[in-house]
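Chains as they are written, first to last, in this note's numbering: chain A, 1 to 221; chain B, 222 to 334.
Hints in this document: simulated from the structure, not taken from any laboratory. Do not take every clue at face value.
[Claimed, not checked] 27 Å max Cα-Cα, derived DSSO-like pairs, lysine-lysine: (1) A:K148 / B:K302; (2) A:K135 / B:K324; (3) B:K295 / A:K3; (4) B:K324 / B:K295; (5) B:K302 / A:K151; (6) A:K10 / A:K135.
[Claimed, not checked] For the chain B half of the interface with chain A, some residues (derived, Cβ under 8 Å), not all of them: (7) L232; (8) I234; (9) S259; (10) I272; (11) T276; (12) N286; (13) F327; (14) I331; (15) D332.
No residue lacks a Cβ here, since even glycine has one placed at the ideal position from N, Cα and C.
These are the residues of each chain, in order.
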Amino acid sequence: MTKRVPVVEKIMSANDRIASQNRAKLDNARIYSMNLMASPGGGKTSLIELTIKNLAERLRLAVIDGDVATSIDADRAASAGAVAVQINTGGECHLDAVMLQNALLQIELDEIDLLIVENVGNLICPASFKLGTHKNVLISSIPEGDDKPYKYPGMYRGVDALVINKIDLLPYVPFDMDYFRRGVEVLNPGLITFPLSCSTQEGLDSWISWVLQQTQSNRII
Amino acid sequence: MHELPVTQNILEIALRHAKAANASRIMSLNIVIGELASIVDDSIQFYWDIISNDTIAEGAKLNFNRINAEFECKVCGARYKLQGNELVCPDCGSLQIDIVAGKEFFLESIDVE
Numbered sequence: 001m002t003k004r005v006p007v008v009e010k011i012m013s014a015n016d017r018i019a020s021q022n023r024a025k026l027d028n029a030r031i032y033s034m035n036l037m038a039s040p041g042g043g044k045t046s047l048i049e050l051t052i053k054n055l056a057e058r059l060r061l062a063v064i065d066g067d068v069a070t071s072i073d074a075d076r077a078a079s080a081g082a083v084a085v086q087i088n089t090g091g092e093c094h095l096d097a098v099m100l101q102n103a104l105l106q107i108e109l110d111e112i113d114l115l116i117v118e119n120v121g122n123l124i125c126p127a128s129f130k131l132g133t134h135k136n137v138l139i140s141s142i143p144e145g146d147d148k149p150y151k152y153p154g155m156y157r158g159v160d161a162l163v164i165n166k167i168d169l170l171p172y173v174p175f176d177m178d179y180f181r182r183g184v185e186v187l188n189p190g191l192i193t194f195p196l197s198c199s200t201q202e203g204l205d206s207w208i209s210w211v212l213q214q215t216q217s218n219r220i221i
Numbered sequence: 222m223h224e225l226p227v228t229q230n231i232l233e234i235a236l237r238h239a240k241a242a243n244a245s246r247i248m249s250l251n252i253v254i255g256e257l258a259s260i261v262d263d264s265i266q267f268y269w270d271i272i273s274n275d276t277i278a279e280g281a282k283l284n285f286n287r288i289n290a291e292f293e294c295k296v297c298g299a300r301y302k303l304q305g306n307e308l309v310c311p312d313c314g315s316l317q318i319d320i321v322a323g324k325e326f327f328l329e330s331i332d333v334e
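Bound conformation, chain A alone (with noise of 0.2 Å):
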């Protein structure tokens, strides 16, 4: 005899237990964190490199950076001045909740204000596992193309800031703003933005006291 038992629970919701454990681990310890995804080529490391070198003197700051191999990545964030940890997924496309969990044990929590996460560059998976991070940051840039809010509807939903990289490139290829922020605008209305260069510096300003503003007014509890 077949009998049908109701469950209506949701697919992620043991990456979401361990996210929401991930957070009071950072809360405890009074650190303020980022996670921050983009296409492979989107400028993830530059810009992480670029917030460290700013905000070393004022923050105390680790990067946490999730590849499928190789540690290039946080050898970057470890030389421009941050406390670097590299998780290697082998072959996953996305960090999960449990990868967070590991890595943080590598870090001393205590002696951290700022800490960033650098997801793996893919603009589908990394929508889908939340990792417990305060904040989810995107980096489109302009070469990439307009249409990317169209066809990734899910990461730009899901994020609290957007980053719009490599604006110096604005003159040289077909890139419609308007178009581009119509898109943005219908999936996560009045989201913040800040369209910036990592090769020029042009609006790297902006971003750099977002961050230092948003970990000082969290951290002050």
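Position chain B against the provided structure of chain A, taking the given hints into account.
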């Protein structure tokens, strides 16, 4: 690409509920996937056939209930579905819209013996 851990979650949830219901066999799983959930059901099926081996869910059928994305305009109240790339309200052109359907991703029920 993230369908393997997703499929492992589905198996874990199904086995837990089957055990609670004292079932000896899982015949089918009813999974709800919204159009905006970025999940490929063919990939889930592929991994399912491998990882459900040697469990009471081996050979169980996966039924996917696909939910189309649907939007509601906050300004004029129009309800509409995805039309090409453009997400703005087709009636009044507003950018202020709610996603009323399409984000779902859950295991609704299992059929057991």
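Verification of the supplied hints:
Our distance criterion of 27 Å between C-alpha atoms is met by K148 (chain A) and K302 (chain B), whose separation comes to about 19 Å. With a CA separation close to 21 Å, the supplied pair K135 (chain A) and K324 (chain B) stays within the 27 Å bound. With a CA separation close to 42 Å, the supplied pair K295 (chain B) and K3 (chain A) exceeds the 27 Å bound. Proposed proximity of K324 (chain B) and K295 (chain B) is supported: the alpha carbons are some 18 Å apart, at most 27 Å.
For a cut-off of 27 Å, the pair hint linking K302 (chain B) to K151 (chain A) stands: about 16 Å separates their Cα positions. With a CA separation close to 22 Å, the supplied pair K10 (chain A) and K135 (chain A) stays within the 27 Å bound. The interface hint given for L232 (chain B) is broken, as the beta carbon of that residue sits about 10 Å from the closest beta carbon of chain A, more than 8 Å. At a threshold of 8 Å, the smallest CB-CB gap from I234 (chain B) to chain A is about 5 Å, leaving the interface hint in force.
Given hint, S259 (chain B) at the interface with chain A, holds; its Cβ is 5 Å from that chain's nearest Cβ, closer than 8 Å. For I272 (chain B), the suggested interface contact is broken, since its CB lies about 14 Å from the closest CB of chain A, more than 8 Å. The beta carbon of T276 (chain B) is not positioned within 8 Å of any beta carbon in chain A (closest approach about 16 Å), and the interface hint is therefore violated. At a threshold of 8 Å, the smallest CB-CB gap from N286 (chain B) to chain A is about 12 Å, leaving the interface hint violated.
A hinted interface residue such as F327 (chain B) counts as satisfied when its beta carbon comes closer than 8 Å to some beta carbon of chain A; here the least separation is about 5 Å, so the hint holds. Below 8 Å, beta-carbon pairs count as interface contacts, and I331 (chain B) has one with chain A at about 5 Å; its hint therefore holds. For the restraint placing D332 (chain B) at the interface with chain A, the shortest Cβ-Cβ distance is roughly 5 Å, inside the 8 Å limit, so the hint holds.
Checked against the numbered hints given earlier, the structure breaks hints 3, 7, 10, 11, 12 and satisfies all the rest.
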